[in-house]
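Chemist: Sequence:
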Amino acid sequence: MPSFLEISPGLMFWTLVNFSIFLVLLARFAWKPLLAAVEQRENRIAEALRSAEQARLEAQQLLEQAQQQLAQAQQEVHRLIREGKQQADALLRQAAEHAEALKRQKLEEAQREIQRQLERATAQLYSELTDLIVQGVSRVLASTLDSATHRQLIERFLSEVARQN
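Residues in the sequence shown are numbered consecutively from 1, following this note's numbering.
Take the hints with a grain of salt, since some may be wrong.
[To be verified] Quick list of in silico lysine to any residue cross-link-like pairs, SDA-like style, CA-CA up to 20 Å:
(1) Lys85 to Lys103
(2) Lys106 to Ala96
(3) Lys32 to Asn43
(4) Lys32 to Arg44
(5) Lys32 to Phe22
(6) Lys103 to Leu91
(7) Lys85 to Glu97
(8) Lys106 to Gln117
Calculated from the structure, these hints are not laboratory results.
Model the full structure from these sequences, guided by the hints.
Modeler: Structure, rendered in C-alpha cells:
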C-alpha cells in the first residue's frame with residue numbers, strides 16, 4: 001500500500017506536466033475571457049460608482065436649491081406677515097383717528113347745542129325777569145311811566161349788569 005506522505009518522482013513529473021498543460025490551456029482559452037469579464041465587472045462597478053456620485057451631487061444640489069427656496073419662502077412669509085401687521089396697525093390707527101375726530105365733532109356739536117340752549121334759557125330768563133320787574137315796579141310806581149319805557153330801562157340796566165359780570 002503506498003503512503004501518501006512519500007514523494008514519488010514519476011507522479012511528480014506527471015503532475016507537473018498536467019499542471020503545465022492546464023496552464024497553457026487556461027492561458028490560451030480562458031484567461032482572456034476571464035480578464036474581459038473581470039474588466040467588464042470592474043467597468044460596471046466604476047460606472048455605478050460614478051453614477052452614484054453624480055446622483056449624490058445632484059441630490060445635494062437639489063437639497064441646496066430646496067433649502068434656498070425654503071429660506072426665500074420663509075423670508076417672503078415673514079415679509080407678508082410684517083406687511084400685514086403694518087397694514088393692520090395703520091387701519092387701527094386710522095380707525096382710532098376717525099373715532100377721535102367723530103368724538104370731537106359730536107362733543108363740539110353738543111357744546112354748541114348746550115350753548116344755544118343756555119343762551120335761549122338766559123334770554124327767556126331775562127325776558128321773564130324783565131316782565132316780573134316791570135310788573136313789580138309798575139305796581140310800586142303806579143303808572144308814572146308807561147310799560148315800554150320801564151322795559152327799556154330795565155333791559156338797559158340788566159345789560160349793564162351782564163357786561164360788568
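Chemist: Decide, hint by hint, whether the structure agrees.
Modeler: Okay, the hints, checked on the actual structure:
no.	hint	result
1	Lys85 to Lys103	violated (26 Å)
2	Lys106 to Ala96	holds (15 Å)
3	Lys32 to Asn43	holds (16 Å)
4	Lys32 to Arg44	holds (18 Å)
5	Lys32 to Phe22	holds (15 Å)
6	Lys103 to Leu91	holds (18 Å)
7	Lys85 to Glu97	holds (18 Å)
8	Lys106 to Gln117	holds (16 Å)
Of the numbered hints stated above, the single one contradicted by the structure is hint 1.
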